[in-house]
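Visitor: Listed below, chain by chain, are the residues.
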Amino acid sequence: MSNRIIDARNLLCPLPVIRTQDAVAECGAGDELQVRCTDPGVVHDIPAWCRVHGHVVRGITHEDREIIIDITVGNAV
Amino acid sequence: MTESRRAVALISGGLDSLLAARVVQEQGVHVEGINFFTGFCVEGHTHAIREQHRDRPKRNNALWAAEQLGIKLHIVDIIEEYKDIVINPKHGYGANLNPCLDCKIFMVRKAREWMDAHEFDFIVTGEVIGQRPMSQRKDTMPVVARDSGAEERLVRPLCAKNLPPTLPEREGWLDRERMHGFSGRSRKPQIALAASYGFEDFAQPAGGCCFLTDRRYAVKLQDLWKTRGRRDYDLDDIMLLKVGRHLRPRPHFKIIVGREEGENRFLEGYRKRFVHMIPSSHVGPLVLLDGDVNTDDIELAARLTARFSKGRDAGMVSIEVNDKAGTRRTLDVVPMPVEQIPQDWYL
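Residue numbers (our numbering), protein chains in the order written: chain A, 12 to 88; chain B, 64 to 410.
Keep in mind the hints are simulated off the structure, nothing from the lab. Beta carbons: idealized from backbone N, C-alpha and C, even for Gly. Do not take every clue at face value.
Label-pair restraints from in silico Cβ distances [what the hints assert, rightly or not]:
#, chain 1, residue 1, chain 2, residue 2, range
1, A, 74, B, 215, 50 to 58 Å
2, A, 74, B, 314, 30 to 38 Å
3, B, 336, A, 47, 42 to 50 Å
4, B, 214, A, 75, 25 to 33 Å
5, A, 86, B, 258, 47 to 55 Å
6, A, 73, B, 324, 36 to 44 Å
7, A, 47, B, 291, 28 to 36 Å
8, A, 81, B, 324, 28 to 36 Å
9, A, 74, B, 345, 14 to 22 Å
10, A, 69, B, 401, 27 to 35 Å
11, B, 393, A, 81, 31 to 39 Å
12, B, 291, A, 71, 19 to 27 Å
13, B, 383, A, 79, 45 to 53 Å
Based on the provided sequences and hints, a complete structural model is requested.
Guide: Structure, rendered in structure tokens:
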């Protein structure tokens with residue numbers, strides 16, 4: 012089980028999704044990731060990407076202008 | 064038909080690729096989507112940057128399509144590799160800097176590589192004969208299949224009946240009769256097919272999904288190449304060309320003027336790499352100066368900055384000027400009258 016933080020700040024979609032995808036590819040089921048972003052589009056795109064790949068978004072929080080998305084990697088990696 | 068066959072579908076986010084994937088899916092084939100990010104994709108960026116577009120639905124259409132289809136979508140960053148397609152297109156450009164045929168060949172080639180690496184059986188695209196003037200013609204569609212290396216493993220389900228049978232059809236993985244014979248620019252057959260599948264609210268980019276098809280964008284990219292003396296770019300270059308007003312008052316420098324709060328915030332991320340300025344006495348734009356500028360250039364840029372501020376009709380506007388080292392000073396300038404700004408300064 013690993014916990015990783017992905018810095019996707021100052022990137023516009025779909026780059027934060029691609030960074031998330033690349034990080035998930037190195038994970039196993041049950042691993043947890045946190046993606047830190049600034050593009051508001053991520054609140055739609057990263058959960059949509061997680062849904063089609065079977066990963067779980069545990070929460071989305073906002074800190075100043077940052078959006079923090081917590082993900083648990085699903086079984087289908 | 065066998066359920067063990069696997070296809071990778073190029074998913075742009077538009078209607079045709081959505082339908083093509085569904086046609087193949089309906090025949091019991093396992094489909095996964097692939098979407099390529101070139102850096103020139105229109106989708107999302109303007110909405111992400113500009114405050115005035117915040118009320119529009121914000122979604123990645125390729126991901127939306129994947130959700131409608133219930134398939135995985137693999138988004139592939141091809142920014143670096145794609146440069147050669149933009150800079151040296153073997154088959155030339157379309158109306159602007161759009162290398163559509165080379166682009167299609169490249170993307171199908173990348174899909175073929177992905178197919179081989181992941182042990183998939185064939186590739187699906189939403190191409191329709193006659194739909195696009197450059198990449199989707201009867202004479203260029205075989206070129207895409209040949210030059211990409213996909214050959215007979217490239218299936219176009221929306222116009223398959225107008226093309227020779229492919230390997231998946233001959234092998235019985237796909238039933239040719241359950242595919243389509245669409246051709247031409249009419250969208251009616253696609254709209255009807257979408258209705259039959261219950262697809263609503265799909266994207267209709269109408270060829271406008273790539274900034275390289277945009278005349279104003281192409282002018283700015285050509286200007287960048289001309290002033291640098293070489294045809295090259297990086298991701299920041301092509302992102303900045305999407306944002307703000309670009310004016311070139313002198314051959315050796317241009318200014319990028321934020322048009323609203325969202326663009327100003329986006330440009331802020333680049334301010335340490337450029338001499339930049341912002342009005343301090345009035346509300347106004349963040350302006351980046353791109354090029355090696357001297358004192359006269361800075362004053363000219365300051366007057367233009369004042370012109371695009373709320374102080375445009377004031378006698379004097381104070382402009383905060385910041386150099387790349389972080390040194391700050393204030394210039395008081397008279398806003399440049401609109402009639403003194405030649406139209407050919409605008410890129």
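Visitor: Look at the Cβ atoms of residue 86/A and residue 258/B and judge whether their distance stays inside 47 to 55 Å.
Guide: At 36 Å between Cβs, range violated.
Visitor: Does the Cβ pair residue 74/A, residue 345/B satisfy 14 to 22 Å?
Guide: violated (32 Å)
Visitor: Quick check: does the Cβ-Cβ distance between residue 69/A and residue 401/B fall within 27 to 35 Å?
Guide: Cβ of residue 69/A to Cβ of residue 401/B: about 53 Å, so the range 27 to 35 Å is violated.
Visitor: CB of residue 214/B to CB of residue 75/A, is that within 25 to 33 Å?
Guide: Violated, at about 53 Å.
Visitor: Does the Cβ distance between residue 47/A and residue 291/B fall inside 28 to 36 Å?
Guide: Given a distance of about 33 Å, which is inside 28 to 36 Å, the answer is holds.
Visitor: Starting from the hint 28 to 36 Å, judge whether the C-beta atoms of residue 81/A and residue 324/B obey it.
Guide: holds (29 Å)
Visitor: Quick check: does the Cβ-Cβ distance between residue 336/B and residue 47/A fall within 42 to 50 Å?
Guide: violated (22 Å)
Visitor: Is the gap between the beta carbons of residue 291/B and residue 71/A within 19 to 27 Å?
Guide: This hint is violated: roughly 41 Å between Cβ atoms.
Visitor: Range first: 30 to 38 Å. Now tell me if the beta carbons of residue 74/A and residue 314/B are that far apart.
Guide: violated (44 Å)
Visitor: Is the distance from the Cβ of residue 393/B to the Cβ of residue 81/A consistent with 31 to 39 Å?
Guide: violated (45 Å)
Visitor: Quick one: are residue 73/A and residue 324/B within 36 to 44 Å, going by C-beta?
Guide: Given a distance of about 18 Å, which is not inside 36 to 44 Å, the answer is violated.
Visitor: Do the Cβ positions of residue 74/A and residue 215/B conform to the proposed distance bound of 50 to 58 Å?
Guide: Since the Cβ atoms of residue 74/A and residue 215/B sit about 53 Å apart, the hinted range of 50 to 58 Å holds.
Comparing the model with each earlier hint shows violations of hints 2, 3, 4, 5, 6, 9, 10, 11, 12 and 13; every other hint is respected.
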